[in-house]
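Chains A and B, in that order, give the protein sequences. Be aware that the first sequence starts at -19, since it is given in our numbering, and climbs by one per residue. Be aware that the second sequence starts at -19, since it is given in our numbering, and climbs by one per residue.
For the record, the hints were derived by calculation from the structure and aren't laboratory data. Among these hints, one or two may not hold up.
No distinction is drawn between identical chains; accordingly, a pair holds when it is met within one copy or between any pair of copies.
Computed list of lysine-lysine pairs in DSSO-like fashion (alpha-carbon distance at most 27 Å, straight line) [to be verified]:
{"hint": "1", "residue 1": "K711", "residue 2": "K159"}
{"hint": "2", "residue 1": "K462", "residue 2": "K369"}
{"hint": "3", "residue 1": "K725", "residue 2": "K247"}
{"hint": "4", "residue 1": "K441", "residue 2": "K153"}
{"hint": "5", "residue 1": "K725", "residue 2": "K589"}
{"hint": "6", "residue 1": "K621", "residue 2": "K711"}
{"hint": "7", "residue 1": "K317", "residue 2": "K711"}
{"hint": "8", "residue 1": "K317", "residue 2": "K301"}
{"hint": "9", "residue 1": "K462", "residue 2": "K604"}
{"hint": "10", "residue 1": "K206", "residue 2": "K294"}
{"hint": "11", "residue 1": "K294", "residue 2": "K57"}
{"hint": "12", "residue 1": "K153", "residue 2": "K462"}
{"hint": "13", "residue 1": "K307", "residue 2": "K159"}
{"hint": "14", "residue 1": "K153", "residue 2": "K206"}
{"hint": "15", "residue 1": "K604", "residue 2": "K441"}
{"hint": "16", "residue 1": "K462", "residue 2": "K589"}
{"hint": "17", "residue 1": "K589", "residue 2": "K441"}
2 protein chains.
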Amino acid sequence: MSRTAVRLIALLLLSHSVLSQSLPISRTNLMGFSREGSDAERTLESRFDAALKADNLRNWMKQLSLRPHHIGSAYNKENADFIASLFRSWGYETKLEQFDVLFPTPRSRLVEMTTPEKFTLKLNEPEVAGDPSSGQQSEHLPSYNAYSIDGDVTGPLVYVNYGIPADYDELAKQGIDVKGKIVITRYGGSWRGIKPKVAAEHGAIGCIIYSDPRNDGFFQGDVYPKGAWRNENGVQRGSVMDMPLHPGDPLTKGFGSTKGAKRLEIKDAQTLTKIPVLPISYSDALPLLRNLDGAVVPESWRGSLPLTYHFGGKTPTVRIKLEFDWKTVPIYNVIAKMNGSERPDQWIIRGNHRDAWVNGAADPISGLVALMEEARGLSELAKAGWKPKRTIIYAAWDGEEEGLLGSTEWAEQHAAELRQKAAVYINTDSSGRGFLGMGGSHTLEKFINDVARDIPDPQTKMTVWERTRAEQIVNGSPAARKEATDRHDLRIYALGSGSDYTPFLQHLGIASLNLGFGGENGGGSYHSIYDSFDHYTRYGDPGFAYGIALAKVGGHATLRLAAAETLPFEFTNFAETVSGYVSEVVLLVNAMREETRSTNQMLSSGMWKAVQDPAETFNVPEQKANVPFVNFAPLQNAVAKLNESAKNFEQASQGKQASPAFRKTLDETLYRTERLLTRPEGLPRRDWFRHQIYAPGFYTGYGVKTLPAVREAIEQRDWNETSEQIAVVSKIIEDFAAEIDRAAKMF
Amino acid sequence: MSRTAVRLIALLLLSHSVLSQSLPISRTNLMGFSREGSDAERTLESRFDAALKADNLRNWMKQLSLRPHHIGSAYNKENADFIASLFRSWGYETKLEQFDVLFPTPRSRLVEMTTPEKFTLKLNEPEVAGDPSSGQQSEHLPSYNAYSIDGDVTGPLVYVNYGIPADYDELAKQGIDVKGKIVITRYGGSWRGIKPKVAAEHGAIGCIIYSDPRNDGFFQGDVYPKGAWRNENGVQRGSVMDMPLHPGDPLTKGFGSTKGAKRLEIKDAQTLTKIPVLPISYSDALPLLRNLDGAVVPESWRGSLPLTYHFGGKTPTVRIKLEFDWKTVPIYNVIAKMNGSERPDQWIIRGNHRDAWVNGAADPISGLVALMEEARGLSELAKAGWKPKRTIIYAAWDGEEEGLLGSTEWAEQHAAELRQKAAVYINTDSSGRGFLGMGGSHTLEKFINDVARDIPDPQTKMTVWERTRAEQIVNGSPAARKEATDRHDLRIYALGSGSDYTPFLQHLGIASLNLGFGGENGGGSYHSIYDSFDHYTRYGDPGFAYGIALAKVGGHATLRLAAAETLPFEFTNFAETVSGYVSEVVLLVNAMREETRSTNQMLSSGMWKAVQDPAETFNVPEQKANVPFVNFAPLQNAVAKLNESAKNFEQASQGKQASPAFRKTLDETLYRTERLLTRPEGLPRRDWFRHQIYAPGFYTGYGVKTLPAVREAIEQRDWNETSEQIAVVSKIIEDFAAEIDRAAKMF
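Excised from the complex, chain A in its bound form:
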């Protein structure tokens, strides 16, 4: 029978029987499954869904966020034992894997304005009514930035907006230098660790980071406890290690920080800050900002505080005195395994961190409890006799907040075995209410779209896929709207950093996904003492309906990956996406060329100077060297080949299964394609990051840079390096395409 005939009959069946029963069963095969396999898998997923209970999520969140559970705390270890005991009770082979990591905590913190008047910042988040855990003050980790160095510095204060390189260009135009000064910068615009790094590069001696109400306070909505947003005393803790160099323990780059491992001396660590840095609330920032002298900052620099934002530079002067206890503490990853029956050496890894800065109900418990319920759901299937073909590993990582410590040390420790066996890593983290966010390797894009197409949205009659698509169509830019309307799959976002997928994807080359819901839960409690059970159950996902939806998305993905006859990798979406990245870097160079030409012309003609207000200071920037034409042909040829190979693979594999004898090898070939996107030399100046398609930006931190070696060379206007890296990346893409060709021959 032809495919068309099958589909016609299926449609008739749908319209006459299935649709009348309103069963959302699609009659097309699942990726990697045969007809029979698809039916069996769908039945299994229905049974899985039926087992999930929202009350479990609520109860576990209450338990796990009851007391502060940062690394090294007693409650952190209690939580590890509690989680492990649950996994064991569900039948998983479970252990705690310990690493010992450098973890500085404050011995003393002092910030004071020394002139024009004396003012000492309170550096304290008080208890609020109706939130008992905000009253656990003696157990709270003080507000601070981990991996700031010790220091005692005094100097004039300069406001540097988000503290990214472009902001220092603006300061230079204004004739303002931060050398020997202390910068105050607001959260947002980049990952926080970028701020002290760039400040130090420009000669600053200290750095204060505050939360402007424009970004996550009263400008956005009512503040806690009246609403979800950050109140005047809320402080965002967080790591400021130089994570774009490498995450994990600063003393054990590239290997596990096990008990006996040889560590760097602290003075030799590469990822500590160069200057002392501390986060503060906006009530503490107000007196400092009010006293800034100098010119008024540009409009895009202004926040929502009731004052005129100035650059500063002379007044006020500020002292920062920080002293840390540079101790080593144990961390405990909970690792729970369900062995595969047919291909036990192919691993599907599913992780979420479990540690928090304080009570951390949203971050990370909201994601963790969905993962736990998912694992419990799978265990119910296993108890009823189901066995995964492949091995499933659930991980509750510790020490994520400090710099992906638990996942990185584990990935480094088990690197050889993971390179061999890890097929896919699926990550979750904080999750809320609203729309499904999907990021990851584009070789898994079709797969995760298909998963999302089957999950009902808790608030509408749509699937979570349809609602996310609707959101992009209704609220997206014209380009996003067009793409969401016309493209078969929703485009998943490329991964930068900021959660535990980084060591798997970017260090080891394991295809990864990152999943979560959001958009309708209020923000503002992030990394403060107000990220509590009370906050989450009022403003997050009060009924845990989206927690259940996340368990379904993660659970179906894990089930399918573990059960598929062939791993559901696909390459046409990847090829199209990488083609898009190549177009972007070509356009980037053209835009830089035109912008440089035009700016140089305005500078050389004197126009730029002439339009400045002579009543204000203005330094005319120097002209930049003209942007040359760059040979992108190698990249363009490589992606042309990639597109061709992806189409060949699609045609070769369409509707077919590899013969049983080939399946294991085919699987291995497929999942190891992602390894081919890495190279042992890594990226220029940061060899830990090996992936050539996705990396966190050197100057954005979490924000992704795709084709990072090429793109960052362009951004730094290093045209020799640009050409070198074009050659490197082209070769990577060609080899990847050749491997797809080999895989295509296995059908």
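We have chain A already, so just place chain B on it with the hints.
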């Protein structure tokens, strides 16, 4: 000798003698002048420039802004007499022309929050240190909106952002109705009179307008007296008459409000508000805004006050009680004439208003003192024997602030004579420091560009034309940058309303210009007691160097218009500009069609509803009727003809002067072309506004609508009216083109 030979010799002369002396004399003819005439005119302009003195501007500003001088005040009349005596002393035929106008002033003003707590607004602008005129509290006109009706209303408060129609669409989506409620709206986004008009159309019973610091307060810069911007107590007074219907005395539409004129009864006046309205400071607004309940407003609605902006709708409740003294007061226009020697019945009119809301140093005295110095400069030339060919009239209008009263009543009173004789009207108003703004009739675009090309900028070595162009290139959008780089002339802006050109241009069809400097002086004193001599000399144009530059621009323009052999009208720029307007309305309909189609699809598919947060109220808007295809061919054919006629005229007139016998007739033909752009029936629903190319928007107030009859019919989705008005405007443009053809034959 051929033109080329003449130019070659001229170039040689330039390079060998003139340039070496650094004289900025161009060898091309001035528009409307012969070779000899151009040389004489340039010499005259140099003598004019040499006579100008900045100290005069300073002294006159000090004098004229010494005390409050709103209409009806004693000091207003003193100023009129002072100005008239100066003009007389300079040899002008000078008189005061009186009109008697309706001028309500507050008898009592009360705004109080009645629930959830009692709070009475202070409605007062206090004295500030270092600004003596801010202490003249007994003479200050209280803060209010003129032509608000009396009223005593109490109701719940709703925040409506700028209070324009689009804001009410947003409120409807949120399920919020203003019927029977009081609206609070912020200044900005439209002319203030639109706010109570649209509020009343939606059923509101009262309107409060406040100055949000986002728009002209601390968000923009330091507040007065530390800086230029509006402090917490500053209130923006202003007229709220329905000026888009007609300006001038509400009781004498279309004719002068002279002593005996028959007036409407107040109850029959069309341009009073329908509901009571009062402006307040943000310190008065704060307690009201803090108490608003309901959902959080969209991001673009949020101001800079330290609170979360909510829609309100139930809480708080507010009472507004306003009672006005509906008296009639005399206003006095100062009219000063210098008779033309050759063509005395061709009038060049030059005006600036002289009345203020309070002391009004910037608004209007900064522009007025430049006009006065210009008039004095001309009188010096006249004393030395020069005589203008055409008659020059200087006007210092009264009652502009209340609704262009002085200029409108004068234009209506002398309408017949003005239609006959007025060649050009040149307006100025508040002026500051920075860049030259040029607006007006595009038949004068080339002319005013040429004038600006000869005026040195006070702060740079450029001309004011070059610096303005540089500003558009350096800071403009990509489109603006391209146009400023490539186009021979800077595009002047089309006139909406907001100053005294309106009766001349839009009621009588007199080609007009509006000129002023700005961009580097700080704002925020507008219509408050802080618009003072001290404010202006600190933050406006402290040395009056731009005041002198404005006197030069206005003076050269007036001199050239008065002395030219043929009036310097030109039509290619006009034709190109009108072609652009036609393209705009075609694109507008296409964009509306696509937007309507796409929105309807999102509504009918349920997508729109599905992406809304179910935790918040949201009313799905109704689908709109599809946008039909509209026949724009008549307009497109008309502008094709217009472009052709404009080019013909350019070729016919290039380098030639009409024979002396024809010159007077040619002049009249040229300046009456602007009359052909009007029609006696006026615009739909507002017959006072007769110009078919430029009008203030019915729902924008000051903001211009070009091709207003067509554009507003489109915006209102009235497709029958759109087609009717396309026919009307096409005919207007065709007749205009035919008249240019006739003029071309006179060379």
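Just pull the numbers of the violated hints for me, sorted ascending.
1, 2, 3, 5, 7, 8, 11, 13
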